[in-house]
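Asker: Chains as they are written, first to last, in my numbering: chain S, 1 to 138; chain W, 1001 to 1178.
In case anyone wonders, no lab produced these hints; they're calculated from the structure. For glycine and all other residues, C-beta sits at the position ideal for the given N, C-alpha and C. Some clues are possibly wrong.
From the structure, some residues in chain W lie toward chain S, with a derived Cβ separation under 7 Å [unchecked claim]:
1) Val1009
2) Val1060
3) Ala1064
4) Pro1130
5) Val1132
6) Val1136
7) Gly1147
8) Leu1161
Label-pair distances were calculated between CB atoms; the ranges are [claimed, not checked]:
9) W/Leu1007 with S/Lys91: 44 to 52 Å
10) W/Phe1106 with S/Ile62: 47 to 55 Å
11) S/Gly57 with W/Tyr1143: 39 to 47 Å
12) W/Val1159 with S/Pro16: 25 to 33 Å
Coverage of chain W stretches by chain S, computed from C-beta distances (three or more under 8 Å per stretch; other residues unrestricted) [what the hints assert, rightly or not]:
13) 1087-1094
14) 1117-1129
Read off the chains here:
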Amino acid sequence: MSLDLILRIGTKLILPFILLFALYVQFHGDYGPGGGFQAGVISAGMVILIAITFGLGPAKRIAPEALVQAMVPLGVLIYAGTGVAGLLLGKNYLDYSVLGPDPVHAREFGILCVEIGVLITVSGTMTALFYAFVERGR
Amino acid sequence: MALLTLLAVTTVAIVRQRNLFGVVILAGIYSFLMASLLIALDAVDVAMTEASVGAGVSTVLLLATLHLTKTTEAPSLHRNLLPLLVVLIVGAILVWGTLSLPPFGFAENVINQHVVPRYLAKSIAETGVPNVVTSVLADYRGYDTLGETTVIFTAGIGVMLLLRGLRRRDQRDGGDAP
Chain S
1 MSLDLILRIG
11 TKLILPFILL
21 FALYVQFHGD
31 YGPGGGFQAG
41 VISAGMVILI
51 AITFGLGPAK
61 RIAPEALVQA
71 MVPLGVLIYA
81 GTGVAGLLLG
91 KNYLDYSVLG
101 PDPVHAREFG
111 ILCVEIGVLI
121 TVSGTMTALF
131 YAFVERGR
Chain W
1001 MALLTLLAVT
1011 TVAIVRQRNL
1021 FGVVILAGIY
1031 SFLMASLLIA
1041 LDAVDVAMTE
1051 ASVGAGVSTV
1061 LLLATLHLTK
1071 TTEAPSLHRN
1081 LLPLLVVLIV
1091 GAILVWGTLS
1101 LPPFGFAENV
1111 INQHVVPRYL
1121 AKSIAETGVP
1131 NVVTSVLADY
1141 RGYDTLGETT
1151 VIFTAGIGVM
1161 LLLRGLRRRD
1171 QRDGGDAP
């Protein structure tokens, strides 16, 4: 166990940067490459890296299985809910321009909401799949 | 062109390789090459997805699957000349189909004269988002992305139900199955 000291310390050093990069990809997706899908995969990759290096226990302390499984439908609900919000405010489904006083900023805000929905679903699905595969092997 | 050659070499190596661990690693290399190719084509968003999903998560998931099965491919029992023939014919038809496509990247192509200029010209004014890929994905083509998210949701739920269901049955049968 002490042989993989470098691996453990290296992983610990790199973890915050992975999470930061995921958030950067998520919220900078309006300006540069990236978006909810990529950020979701990267953040799921962080949890998977923890599980590979430190075992499934610590990984599940950070991302409990119940939370991960709840994230899978939650993201779709956020996405669809953003569409319904546009519907309730008197426009078409998924028309974001009524979500704020200024239509341009409202559409930007709508894109942000939708991307967060994608992030949550993708991240939850990838992590849950990994958990399911690993637990099957036990 | 060098990247395409490397892709072809990797594909042949994947087909020839019998050790499944090697196949998984080669598949990761393939995704990485594909991501580089997409960057060379200026499709950075797709390249990012390919690198993170293809080379990252799916490699990990395949390795986890390998943990559940054997690590060498079983030798096939019969000659596979007929499948080879089918593959060659289908491949030839596909190549023949690409011959009538418009030349790559020309301004006169239909795709570059229809909605693309409209999106490029109006994206910032209408959505305030400088990355046109994001505004097309999440706003102009919002329904498609909702569909994609639902597909991921459905696939995830399906795989989880399959794996969970099997595990429950193992426990109910009383044996401490692997």
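Asker: Compare the structure with each hint and give your call.
Answerer: Hints and how they fare:
For W/Val1009, the shortest C-beta to C-beta distance to chain S is roughly 27 Å, which exceeds 7 Å, and the interface hint is violated. At about 6 Å, the closest approach between the beta carbon of W/Val1060 and any beta carbon in chain S falls short of 7 Å, and the interface hint on this residue holds. Because the smallest distance between the Cβ of W/Ala1064 and any Cβ of chain S comes to about 4 Å, under 7 Å, the interface hint for this residue holds. Look at W/Pro1130: its Cβ gets to within about 5 Å of chain S, closer than 7 Å, so that hint holds up.
A cut of 7 Å between beta carbons decides the hint on W/Val1132: the least distance to chain S is about 11 Å, and the hint is violated. Restraint check, W/Val1136 versus chain S: the minimum CB separation of about 10 Å is more than 7 Å; hint violated. Nearest Cβ of chain S to the Cβ of W/Gly1147: about 10 Å, over the 7 Å cut. The hint is violated. Taken as an interface hint, W/Leu1161 does not check out: its beta carbon lies about 9 Å from the nearest beta carbon of chain S, beyond 7 Å.
In this structure the supplied range 44 to 52 Å holds for W/Leu1007 paired with S/Lys91, their Cβ-Cβ distance being about 45 Å. At roughly 50 Å, the beta-carbon separation of W/Phe1106 and S/Ile62 lies within the given 47 to 55 Å, and the hint holds. Range check, S/Gly57 to W/Tyr1143: Cβ separation about 41 Å, and the 39 to 47 Å hint holds. Between W/Val1159 and S/Pro16 the beta carbon distance is about 30 Å. The supplied range of 25 to 33 Å therefore holds.
Check on the region 1087-1094 of chain W: 0 of its residues sit with their Cβ under 8 Å from a Cβ of chain S, so the three-residue criterion for coverage is violated. Counting residues of the region 1117-1129 of chain W whose C-beta lies closer than 8 Å to any C-beta of chain S gives 5; at least three are required, and the coverage claim holds.
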